[in-house]
Amino acid sequence: MPLAPGAKLGPYEILTPLGAGGMGEVYRARDTRLERSVAIKILPAQFSSDPVHKQRFEREAKAISHLNHPHICVLHDIGHQDGIDYLVMECVEGETLAKRLEKGPLPLEQVLKSDALDKAHRTGVVHRDLKPANIMLTPSRAKLLDFGLAKPVAPLASLATLTATKQESPVTEQGTIVGTFQYMSPEQIEGKELDGRSDIFPLGAVLYEMVTSKKAFEGKSQLSVASAILEKDPAPVSTIKPMSPPVLGHAIRRCLAKDPDERWQTARDLARELDWIGEEKQVAKAARIVPQRREAMAWGLVVVCIALLAWLGYAGLRSTPLAQRQHLRLSILPPQSTSFVPYNFAISPDGQRLAFVAAAADGGTALWIRSLAAGAAQQVTGTEGALYPFWSPDNRQVGFFAGGKLKSVDPNGSSIRIICDAPGGAGGTWNDHGTIIFAGSELGIKSSDSEAGLMKVSASGGEPQLTTKVDASNAAMLWPSFLPDGNHFLFFITNTSASKGIYIGSLGSMENKLISPEIAGNTQIAAGRFFYVRDLASWRNPSTSSDYRRPALRNRSRNKNWTRIPPFGGRVFRCQATGWWYFSRRARM
596 MPLAPGAKLG PYEILTPLGA GGMGEVYRAR DTRLERSVAI KILPAQFSSD PVHKQRFERE
656 AKAISHLNHP HICVLHDIGH QDGIDYLVME CVEGETLAKR LEKGPLPLEQ VLKSDALDKA
716 HRTGVVHRDL KPANIMLTPS RAKLLDFGLA KPVAPLASLA TLTATKQESP VTEQGTIVGT
776 FQYMSPEQIE GKELDGRSDI FPLGAVLYEM VTSKKAFEGK SQLSVASAIL EKDPAPVSTI
836 KPMSPPVLGH AIRRCLAKDP DERWQTARDL ARELDWIGEE KQVAKAARIV PQRREAMAWG
896 LVVVCIALLA WLGYAGLRST PLAQRQHLRL SILPPQSTSF VPYNFAISPD GQRLAFVAAA
956 ADGGTALWIR SLAAGAAQQV TGTEGALYPF WSPDNRQVGF FAGGKLKSVD PNGSSIRIIC
1016 DAPGGAGGTW NDHGTIIFAG SELGIKSSDS EAGLMKVSAS GGEPQLTTKV DASNAAMLWP
1076 SFLPDGNHFL FFITNTSASK GIYIGSLGSM ENKLISPEIA GNTQIAAGRF FYVRDLASWR
1136 NPSTSSDYRR PALRNRSRNK NWTRIPPFGG RVFRCQATGW WYFSRRARM
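The opening residue of the sequence shown carries number 596 in this note's numbering; numbering runs sequentially from there.
One should not assume that every hint holds.
Distance windows between CB atoms, simulated [to be verified]:
1) 1058 to 816: 48 to 54 Å
2) 1010 to 814: 51 to 57 Å
3) 1105 to 1018: 57 to 63 Å
4) 857 to 623: 22 to 28 Å
5) 966 to 628: 37 to 43 Å
6) 968 to 733: 43 to 49 Å
7) 788 to 947: 19 to 25 Å
8) 991 to 814: 40 to 46 Å
9) 966 to 629: 30 to 36 Å
10) 973 to 837: 50 to 56 Å
11) 966 to 826: 45 to 51 Å
12) 1110 to 809: 27 to 33 Å
As a list, the in silico BS3-like pairs of lysine-lysine whose alpha-carbon atoms are at most 25 Å apart [stated by the list, open to error]:
13) 809 to 694
14) 836 to 787
15) 1095 to 1108
16) 827 to 787
17) 810 to 836
18) 1108 to 1051
19) 1108 to 1000
20) 787 to 649
21) 787 to 853
22) 1051 to 1095
23) 836 to 809
24) 827 to 810
25) 694 to 787
26) 836 to 853
Everything labelled a hint here was simulated from the structure, so no lab data went into it.
The C-beta atom is built at its ideal place from N, Cα and C for all residues, glycine as well.
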């Protein structure tokens, strides 16, 4: 039976009902001791003797009590009176995101900060019921509500041992479905084990709805909605909202991947991407190339999403916290009696080591590895004749060309593996799925129809296959570099005026697209997604740069710690599979 106005639970006087759901009833109340408004959530009488509902209710209290963050509803008190269990929380004034979306897309202007993420990350809990109705928009911030279905997982445990529906607790046995169907992940619908990535999926559905005012997955029944989630993809954001930033559509699409392994693996990964989108507002404003309407939308999405990320965090997906980044400034000299070979260097994806090629006095080359933090460079045994090194995404292997072959080696000096033939190779790139794309010859690889193209091969070895082509048979296709999605890649065509330029291709198509007809002799594709001006001697952490020559990278490539500082003005581009942007040398980076 609902509580009547004037009823009391301890020192709290009930004022008016606020709402009810499957996990409880919520009332506005007055704290008679502190003279403040609070929200009280009670476990309905019909559930008070049910151990499952009672334990979920207690679990919600514990979950909230461990999350002290400005964008998460604060728990003030818990109590039990006359057979009623209740939670006392802050009374959040505003409207739910669900209510706001009835008016159309959300163009919020506020910018939320994610500086309190670590606390939630280390709590290690899966919410399991993220949806617009559980997000309250206040005049100053967004608040995440309703932790009634939250489920703890082992904080900071390894992914292999991380489960949220193990039979350790009788509250949710494996195969039980809890949550709201339209915002469930595929594995949640199937009653499988959950981890933090299971909250990334509904977060993507919420973001999709914020941009488009349409639900990502719809149907006339729970069964049809579940079928859509399991088997269909929502229409691309760009087809509904053409002015939305393409990079945002990519971020949302990755959230909504059916396979958890294909999603953002941690909320922090997604937070970084959204931070980057937010930074685009300032850069675009300086460069005057992005419409105001698009900027407002990008910021609005960051607002609520960062509030959600405050809850999601790592959800225990990291086995250890990220190490504190070091800011280093140094100059690197070639090893004694050697000289650097231009265009022959690569920084490891974790930003810790440099692979480079040095030439001895007789002209013979070899691969060298140097820690960027300290220590002298070490020559890698058996790499005589090496050219154009590139790293594997896990930092464990370095690919290079020597003796007409594409090879790989453990940078610590283990045996060398021959991957395939590659006469005169000129640049390679290695994705997370073990595929290598390389330029097999500085004059291009001739296919059976006399067209030139880049080659792809498994990192474990095999017969290389043509992966892209151009019409000009004498075009040199060089310096491929995978974009973060592991499917699209950038490359140069350099020796024909008709086709010269910077191109983008993909593993799924032989075609490629010109994104810039201009190539400066001092420009190179950086690992991940950027171009930058080449400087053969000077390296600097971008956070230490104080002059206008600071490049556009801002720690957003795979090499998150390092970039190169151009010694003179030059054109700097930021590229992704869906577009590219030009930055003037004085644009704010």
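Here's how the hints hold up against the structure:
A hinted range of 48 to 54 Å holds for the C-beta pair residue 1058 and residue 816, which are about 50 Å apart. At roughly 55 Å, the beta carbons of residue 1010 and residue 814 sit within the given window of 51 to 57 Å. At about 22 Å, the CB distance of residue 1105 to residue 1018 disagrees with the hint of 57 to 63 Å. For the pair residue 857 and residue 623, the beta carbons lie near 43 Å from each other, so the given range of 22 to 28 Å is not met.
Roughly 60 Å separates the CB atoms of residue 966 and residue 628, a value that falls outside the hinted 37 to 43 Å. Distance hint check for residue 968 and residue 733: the Cβ-Cβ separation is about 45 Å, which falls inside the suggested range of 43 to 49 Å. The hinted window of 19 to 25 Å between residue 788 and residue 947 is violated, with their beta carbons roughly 33 Å apart. Distance hint for residue 991 and residue 814: a CB-CB separation of about 45 Å, consistent with the stated range 40 to 46 Å.
One distance hint, 30 to 36 Å for the beta-carbon pair residue 966 and residue 629, is violated here, with the actual separation near 57 Å. At about 52 Å, the beta-carbon gap between residue 973 and residue 837 stays in the expected band of 50 to 56 Å. Distance hint check for residue 966 and residue 826: the Cβ-Cβ separation is about 48 Å, which falls inside the suggested range of 45 to 51 Å. Checked against the hint of 27 to 33 Å, the pair residue 1110 and residue 809 passes, with Cβ atoms roughly 30 Å apart.
Proximity of residue 809 to residue 694 is assessed by CA-CA distance (about 13 Å); at most 25 Å being required, the pair is judged to hold. Simply put, residue 836 and residue 787 have alpha-carbon atoms about 34 Å apart, too far for the 25 Å limit, and the pair is violated. Note on residue 1095 and residue 1108: the hinted pairing holds, with a Cα-Cα distance of about 12 Å set against a maximum of 25 Å. Between the alpha carbons of residue 827 and residue 787 the distance comes to roughly 19 Å, so the proposed pair stays at or under 25 Å and holds.
Distance restraint check for residue 810 and residue 836: the Cα-Cα separation of roughly 14 Å lies within the 25 Å cut-off, and the hinted pair is therefore satisfied. For a cut-off of 25 Å, the pair hint linking residue 1108 to residue 1051 stands: about 18 Å separates their Cα positions. At most 25 Å may separate the alpha-carbon atoms for a hinted pair to count; residue 1108 and residue 1000 exceed this at roughly 29 Å. The hinted pair formed by residue 787 and residue 649 meets the criterion: a straight-line CA distance of about 23 Å does not exceed 25 Å.
About 13 Å separates the Cα atoms of residue 787 and residue 853, which keeps this hinted pair within 25 Å; it holds. With a C-alpha separation of about 22 Å, the suggested pair residue 1051 and residue 1095 falls inside the 25 Å cut-off, and the hint holds. This hinted pair checks out: residue 836 and residue 809 have alpha carbons roughly 11 Å apart, not beyond 25 Å. Between residue 827 and residue 810 the CA atoms are separated by roughly 13 Å; this keeps the pair inside 25 Å, and the hint holds.
Restraint check for residue 694 and residue 787: not satisfied, since their Cα atoms lie roughly 31 Å apart, outside the 25 Å limit. A threshold of 25 Å between alpha carbons decides the hint, and for residue 836 with residue 853 the separation of about 23 Å falls inside it, so the pair holds.
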